[in-house]
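> One-letter residues, chain by chain:
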Amino acid sequence: MPRNTIEISETIEHLTILNENDELDASLEPDIAADELRRLYRCMLLARRFDERLLDLQRQGRIGTFPPIQGQEAAHLGAVAPLRPSDWMVPSFREMAAELWRGRSLENIIIANNGFEQAGAMHADSRNLPMAVPVASQIPHAVGLAWAAKYRQTDDVVMTFFGDGATSEGDFHEGLNFAAVFQVPVIFVCQNNHWAISVPLKRQTRSGTLVQKAVAYGMPGIQVDGNDLLAVYVAAREAIARARAGDGPTLIECVTYRVMMHTTADDPKRYRTDEEVQQWRRRDPLPRFERYLIGKGVLTPDVIGSLKAEIAQEIQVAVARAEEQMPVLRAQSLSVFDHLYADLPPYLKAQKQMLAEELSLSDEESANG
Amino acid sequence: MPRNTIEISETIEHLTILNENDELDASLEPDIAADELRRLYRCMLLARRFDERLLDLQRQGRIGTFPPIQGQEAAHLGAVAPLRPSDWMVPSFREMAAELWRGRSLENIIIANNGFEQAGAMHADSRNLPMAVPVASQIPHAVGLAWAAKYRQTDDVVMTFFGDGATSEGDFHEGLNFAAVFQVPVIFVCQNNHWAISVPLKRQTRSGTLVQKAVAYGMPGIQVDGNDLLAVYVAAREAIARARAGDGPTLIECVTYRVMMHTTADDPKRYRTDEEVQQWRRRDPLPRFERYLIGKGVLTPDVIGSLKAEIAQEIQVAVARAEEQMPVLRAQSLSVFDHLYADLPPYLKAQKQMLAEELSLSDEESANG
Amino acid sequence: MAKMTMVQAINMALRQEMEKDDRVIVMGEDVGLDGGVFRVTEGLIEQFGEQRVLDTPLAESAIAGMAVGMAAYGLRPVCEIQFSGFAYHSFHQLESHAARFRRRSQGRFQMSLVLRAPYGGGVRALEHHSESREAYWAHTPGLKMVIPSGPRNARALLVAAIRDPDPVIFYESKALYRAFREEVPEEEEVLPIGRPRIVRAGDDITLIAYGAMLRPTLEAAEELQKRDGLGAEVIDLLTISPLDDTLLTESVRKTGRAVVIHEASRSFGPGAEIVARLVESAFYYLEAPIERVTGYDLIIPLFSQEQNYIPSVRRIVRAARKTVNA
Amino acid sequence: MAKMTMVQAINMALRQEMEKDDRVIVMGEDVGLDGGVFRVTEGLIEQFGEQRVLDTPLAESAIAGMAVGMAAYGLRPVCEIQFSGFAYHSFHQLESHAARFRRRSQGRFQMSLVLRAPYGGGVRALEHHSESREAYWAHTPGLKMVIPSGPRNARALLVAAIRDPDPVIFYESKALYRAFREEVPEEEEVLPIGRPRIVRAGDDITLIAYGAMLRPTLEAAEELQKRDGLGAEVIDLLTISPLDDTLLTESVRKTGRAVVIHEASRSFGPGAEIVARLVESAFYYLEAPIERVTGYDLIIPLFSQEQNYIPSVRRIVRAARKTVNA
Ligand SMILES: Cc1ncc(C[n+]2csc(CCOP(=O)(O)OP(=O)(O)O)c2C)c(N)n1
Ligand SMILES: Cc1ncc(C[n+]2csc(CCOP(=O)(O)OP(=O)(O)O)c2C)c(N)n1
Ligand SMILES: [Mg+2]
Ligand SMILES: [Mg+2]
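Chains as they are written, first to last, in our numbering: chain B, 103 to 471; chain L, 103 to 471; chain G, 3 to 328; chain R, 3 to 328.
No wet-lab data here; the hints were simulated from the structure.
A portion of the hints provided could be inaccurate.
What the hints assert, rightly or not - Here are the simulated DSS-like cross-link-like pairs (lysine-lysine), alpha carbons at most 25 Å apart as the crow flies:
#1 B/Lys398 x B/Lys410
#2 G/Lys256 x L/Lys454
#3 R/Lys324 x B/Lys451
#4 G/Lys324 x G/Lys228
#5 R/Lys228 x R/Lys324
#6 B/Lys454 x R/Lys324
#7 G/Lys324 x G/Lys256
#8 G/Lys228 x G/Lys256
#9 L/Lys451 x G/Lys324
#10 B/Lys304 x B/Lys371
#11 L/Lys410 x L/Lys398
#12 R/Lys256 x R/Lys228
Could you put the whole structure together from the sequences, leaning on the hints where they help?
Below you can see the structure in the form of structure tokens.
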């Protein structure tokens with residue numbers, strides 16, 4: 103009857119496999135086929151180069167504001183790589199590498215970043231949800247999809263992404279609680295990049311780690327070095343297997359860093375030091391993974407060279423194609439009335455007509471004026 | 103570098119002092135003055151009898167729907183007793199015993215339960231917030247008050263109450279997180295009465311205890327036998343001292359039980375067994391505390407007898423007074439326009455005029471018709 | 003045909019749709035064993051099991067958010083929010099996602115979901131249990147806002163809402179839940195969403211109401227007939243949004259006079275839009291200002307005073323007379 | 003007097019009120035070191051410290067809810083919600099508490115709090131960053147809804163909002179943040195909440211606008227003068243709710259014609275209430291239907307098409323002509 107410490111029964115772990123000094127814990131090294139490793143490396147490189155290119159385009163006024171992902175590629179790709187195509191991905195807004203892996207095209211990203219509704223179009227069987235801008239709001243969607251996948255007796259799972267800042271929102275809490283209560287097959291991947299715009303992790307929450315928040319939901323949690331693709335991969339693979347087996351959700355915290363600005367509208371010099379950024383640049387996941395693959399003989403400098411050329415070309419073609427399409431899309435002014443509802447109610451038909459007249463009158467006026 | 107278990111550094115404890123078999127852990131017994139013990143007992147008894155009387159009144163149609171508190175008196179009173187009058191109390195809707203302790207009158211409760219706006223009136227220096235109906239929504243208010251109390255460099259603390267169901271709401275999560283980040287003097291008292299209307303605790307959350315949710319916020323937590331007034335008291339006193347000293351918030355889980363219906367509109371037979379209820383009735387906090395006090399020589403059967411008579415009288419007077427006042431209050435129809443804003447904007451003046459005319463026309467019509 | 007209360011009629015709609023379509027899932031707080039705090043979902047868990055009737059934890063944002071995910075999968079969740087006064091917790095999920103997923107995905111994901119919630123006063127309830135804030139949802143493009151006025155149309159509209167490919171907020175007047183019974187056919191009956199209905203014909207004045215306000219409006223119409231010899235045309239909106247004003251316009255072009263009645267507070271309420279539409283479509287036919295009989299611009303008072311807040315037959319009659327004598 | 007952008011003018015209002023009154027606390031996401039994503043709170047943390055300028059965790063419900071508690075204590079929190087499209091997370095705190103605490107406590111607790119949020123389109127932003135949903139708050143009794151139209155009145159209205167004993171939702175057009183500069187006096191200037199203002203006199207037609215729509219409306223008025231010889235009276239609402247229609251009524255009784263302009267979507271939008279009020283107060287003076295020039299009943303399109311959605315000078319001019327030629 104005296105004062106007792108309550109035992110926490112949830113498993114909360116940390117995992118690193120290939121650390122920033124290139125030390126590998128071989129006992130934990132996952133057995134990934136060489137081909138798959140090369141695909142992962144290629145996608146990582148593509149995401150990095152494309153991110154850089156997007157920044158150029160933004161600075162040239164050729165796309166709108168966007169959130170760079172640099173430094174988080176391993177935490178994206180390690181997580182989605184063990185998914186099947188029939189599994190679902192529910193992104194936040196900073197998972198470009200994961201989206202590329204799951205089939206999104208470079209053109210589409212460029213067009214979307216120019217404010218085109220039409221870029222939302224996707225295959226009728228796409229299992230990727232569109233980006234969710236309101237922080238954490240996508241988390242309950244993942245739970246609903248997972249519930250449905252279980253209800254339909256499939257063994258598909260759902261993976262959702264969100265940031266460290268997102269863990270403060272009510273939707274994070276409610277979503278994880280629902281997932282645990284209903285024991286649905288969902289994997290919660292927190293991209294702890296240490297910053298939510300200007301708010302550092304330690305002002306976001308007082309908890310020692312983000313992963314320990316799993317304790318609140320009676321859910322297992324694993325924290326991984328998010329710049330170690332192998333660790334992310336292993337943690338995700340385990341969580342996916344658990345979900346697929348019907349054993350419920352997992353919280354994965356990927357410890358990584360946002361080396362760039364929050365979005366291109368942000369100036370991080372206002373709130374953080376360059377030293378901090380430099381420290382994290384040294385833990386860059388891309389060269390770390392590259393050295394590992396070279397060491398393993400999966401890649402050679404030659405192969406890397408030709409990959410780079412290939413990727414440069416791919417990006418150039420995508421930009422050109424996107425810029426070709428946009429004037430066409432821009433001319434589809436009446437398309438804003440599409441897809442609000444399945445059918446256009448009478449007063450919206452009238453409003454569409456108003457806009458059509460407006461546009462033709464404007465055309466006339468400019469023709470006359 | 104291998105897989106590590108992450109150490110949880112928060113203290114999460116359980117405390118029982120006087121258990122359901124009347125066993126006392128004397129080493130933990132708080133040193134409460136005899137007078138205070140008697141006041142506590144009296145308030146507990148008053149709350150019990152008044153709760154029963156409210157149920158009669160409701161069944162007779164003399165008050166509206168209300169939420170009985172029976173069985174939770176120890177968890178209310180043990181928590182508020184160590185507060186100072188200058189500390190703040192932020193209730194939910196099922197803390198009648200705590201409200202009585204903090205000075206709310208029986209009449210006021212009866213009038214409020216008859217849907218009178220005017221019952222909201224309170225002393226200009228009252229440090230009790232009014233009841234909050236939307237579950238968990240009061241939690242951030244407590245954080246704001248506590249922030250203000252700290253900002254003003256007082257050593258006042260804030261105590262807020264909520265149920266087990268409330269822990270599922272986003273406001274619980276956001277509120278506790280803010281409190282921990284800002285290290286404000288607030289005590290979160292969860293009344294875990296095992297039910298949220300028809301939803302049992304194990305369908306509310308999968309976490310083994312509610313108190314372990316404190317881990318998510320880097321906050322200490324303590325679970326107590328909520329039917330053991332002494333344990334609640336000690337846990338609250340510690341948490342209050344910690345808050346007052348500037349050491350931040352605490353989560354207290356009082357394990358108790360809602361032996362009655364959720365509200366008088368509810369029929370618990372639909373969703374739970376009588377055995378479960380009977381089991382908990384045996385752990386009734388009132389006789390347990392009574393036996394303790396008798397054993398301690400603080401109370402005698404005689405004193406109890408006269409207390410009972412006194413209380414019966416007090417309740418009778420309160421009911422009579424409340425019922426006298428209500429016709430007067432009911433006649434103040436135009437008072438609904440008071441206190442929406444500090445000043446009545448022009449169109450609301452016009453609407454008040456409309457209502458006044460409406461009422462005088464109705465009076466005429468009934469006089470004529 | 004059985005005589006049913008609105009609670010029973012809605013229950014029948016849920017049951018029959020669940021029988022016909024295994025995509026239909028009922029979810030919310032206390033909707034399972036308890037059958038909902040108003041007993042609207044009574045018996046469903048017994049018939050369909052826990053897989054089709056979900057007692058959720060207490061979190062309205064997650065209820066709506068999870069439903070968004072289920073709808074994205076292709077299911078047809080029907081959520082119950084225990085009182086419409088707690089639907090605000092779901093606001094961002096509805097505004098930011100339910101209303102937008104179809105457009106955001108250019109048609110890939112449809113949000114066939116229903117959010118049912120009891121609304122309105124008149125049942126001696128606690129604070130937050132009596133509001134009429136349908137205008138919030140009506141002003142949100144991408145949502146549909148439906149309010150039935152009796153057992154039979156409640157059933158037929160709910161069937162339509164469940165089958166609708168777009169998200170529907172479905173407000174149920176708790177004052178009507180057990181107020182009266184109507185014949186409700188066992189066989190399927192569907193009322194189209196987006197179409198008001200003339201429930202009483204008349205040539206002298208148009209009275210526009212919905213939900214719990216329909217009955218006092220009909221009473222007022224009878225009184226106007228009896229005492230003033232005025233033929234009032236009464237229109238039941240049924241759908242607040244998307245608002246189709248065709249019928250309203252026709253009627254007001256005929257009568258030249260209109261009164262709009264709602265329980266919701268006045269300013270920026272649903273009545274304002276109806277007035278604005280009629281000004282746009284029937285201005286030259288109007289013989290008097292359109293009157294609004296509404297709740298005052300207050301939070302609805304606690305129950306000791308709510309009867310003065312909710313439009314009464316008397317207030318409707320007076321407003322109609324004012325319009326006619328203008 | 004210095005020429006200032008609206009960002010600078012709002013910043014000055016905050017700074018001066020914080021200097022005068024230590025109850026004023028600024029809080030929100032990124033309002034501290036970062037100075038707010040639009041730099042509205044720039045320099046405040048340097049001047050007033052972390053005790054007066056709170057960088058909060060990322061949770062809008064708690065921002066509003068904590069502010070309710072601070073206001074109950076007697077402080078005057080000024081919250082920034084990063085974009086009005088994320089204010090829905092705070093909906094229940096504002097509707098259920100900020101709007102009600104004074105009444106619930108019969109005057110014991112006042113809610114002197116301000117919730118600032120950038121609203122509206124025109125800055126090539128992401129989804130959820132361009133909405134104009136002020137009607138939600140305007141339809142909520144107990145709240146006040148204010149929208150300035152330029153640097154000088156933004157400053158003077160924000161001072162009034164901060165000192166107001168009741169909760170004020172303060173929407174700032176981000177399109178106006180840096181669009182132009184105005185002379186803003188260093189000394190105190192306060193504009194009363196609840197009072198529209200005539201910004202251009204005229205006898206032929208009344209144009210009613212607010213926020214970012216004021217400038218195109220004024221341009222339209224000039225064009226109507228130049229091309230059509232029409233004198234348009236332009237009224238800047240400034241306060242959406244509580245809406246005082248006295249000035250509107252007077253103007254429309256004089257001109258007999260009105261156009262209401264807003265960026266918000268049309269149906270159940272702010273314009274509907276203005277039309278309804280004018281029908282109630284100036285019906286017999288109206289010579290033509292009141293026109294509404296508004297956003298369409300769509301979610302505001304992403305930026306490649308938003309210019310067609312937002313009312314343009316051309317659309318306003320055409321509507322005015324339609325009214326005059328009616
Ligand atoms: C509900 C909501 N509030 C505020 C914002 C503005 N905002 C966009 S991203 C962001 C920070 C997110 O931080 P985090 O979750 O850590 O993700 P990261 O940006 O680091 O990837 C904020 C405040 C938003 N999009 N949604
Ligand atoms: C936000 C919100 N949702 C739903 C309700 C309806 N409701 C009132 S009390 C209650 C259950 C509360 O359970 P708990 O938090 O355990 O408190 P208890 O009633 O057991 O004291 C519910 C669902 C409400 N008042 N507020
Ligand atoms: Mg982050
Ligand atoms: Mg409970």
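> If a hint holds in the structure, say so; if it does not, say that too.
So, going through the hints one by one against the coordinates:
Under the criterion of a C-alpha separation no larger than 25 Å, the hint pairing B/Lys398 with B/Lys410 is consistent with the structure, at around 20 Å. The suggested pairing of G/Lys256 with L/Lys454 is violated, with an alpha-carbon distance near 34 Å, which exceeds 25 Å. With a CA separation close to 21 Å, the supplied pair R/Lys324 and B/Lys451 stays within the 25 Å bound. The hinted pair formed by G/Lys324 and G/Lys228 meets the criterion: a straight-line CA distance of about 17 Å does not exceed 25 Å.
A distance of roughly 17 Å separates the Cα atoms of R/Lys228 and R/Lys324; the hinted pair therefore holds under the 25 Å criterion. For the suggested pair B/Lys454 and R/Lys324, the alpha carbons sit about 19 Å apart, so the restraint of at most 25 Å is met. Between G/Lys324 and G/Lys256 the alpha-carbon distance is near 18 Å, which keeps this suggested pair within the 25 Å criterion. Proximity of G/Lys228 to G/Lys256 is assessed by CA-CA distance (about 21 Å); at most 25 Å being required, the pair is judged to hold.
The suggested pairing of L/Lys451 with G/Lys324 holds, with an alpha-carbon distance near 20 Å, which does not exceed 25 Å. Proposed proximity of B/Lys304 and B/Lys371 is supported: the alpha carbons are some 18 Å apart, at most 25 Å. A C-alpha spacing of about 20 Å is found between L/Lys410 and L/Lys398, which places the hinted pair at or below 25 Å, so the restraint holds. For a cut-off of 25 Å, the pair hint linking R/Lys256 to R/Lys228 stands: about 21 Å separates their Cα positions.
Checked against the numbered hints above, the structure breaks only hint 2 and satisfies the rest.
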